[in-house]
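Colleague: Kindly produce the complete structure, drawing on both the sequences and the hints.
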Amino acid sequence: MKSFIENLLTLSIDKSLKEAVSKVLETLSEGAIVADNDTRIIISNSVANKAFARFGVPLERMRISEVFRDLSVHNAFKKALDNNESSQIEFEFLTHEKRIYRVSVNSLQINDV
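Under this note's numbering, the sequence shown is numbered contiguously, ending at residue 1601.
Quick list of in silico lysine-lysine cross-link-like pairs, DSS-like style, CA-CA up to 27 Å:
id, residue 1, residue 2
1, Lys1566, Lys1503
2, Lys1503, Lys1538
3, Lys1567, Lys1506
4, Lys1511, Lys1538
5, Lys1506, Lys1538
6, Lys1566, Lys1506
7, Lys1538, Lys1586
8, Lys1566, Lys1538
9, Lys1566, Lys1586
Simulated from the structure, these hints should not be mistaken for laboratory data.
Given the structure is predicted, the values throughout are model-derived calculations rather than measurements.
Modeller: Given below as structure tokens:
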């Protein structure tokens, strides 16, 4: 069992890592989303939020299935999480207009620091 200090240290590292990744993603001109093993979005950049957030609700803490209602998106995330496989897909996203997105889904595993 981890001690209280070890848990605080892990939390601090996780927060620092999340902040660093967020800063990197904000430099991208394309939308970027990071999801955890439960397909819950933990980080997204402003481009992704502008494209996919509904009613001003940020993407963080939402499940991929709550944001994207397309089976190809779900399958791509499942392949990345379960088999460490990359996918290139296209899907339609409907808001006030229909848009077609070309998406790359990749697995990134970060081991404990």
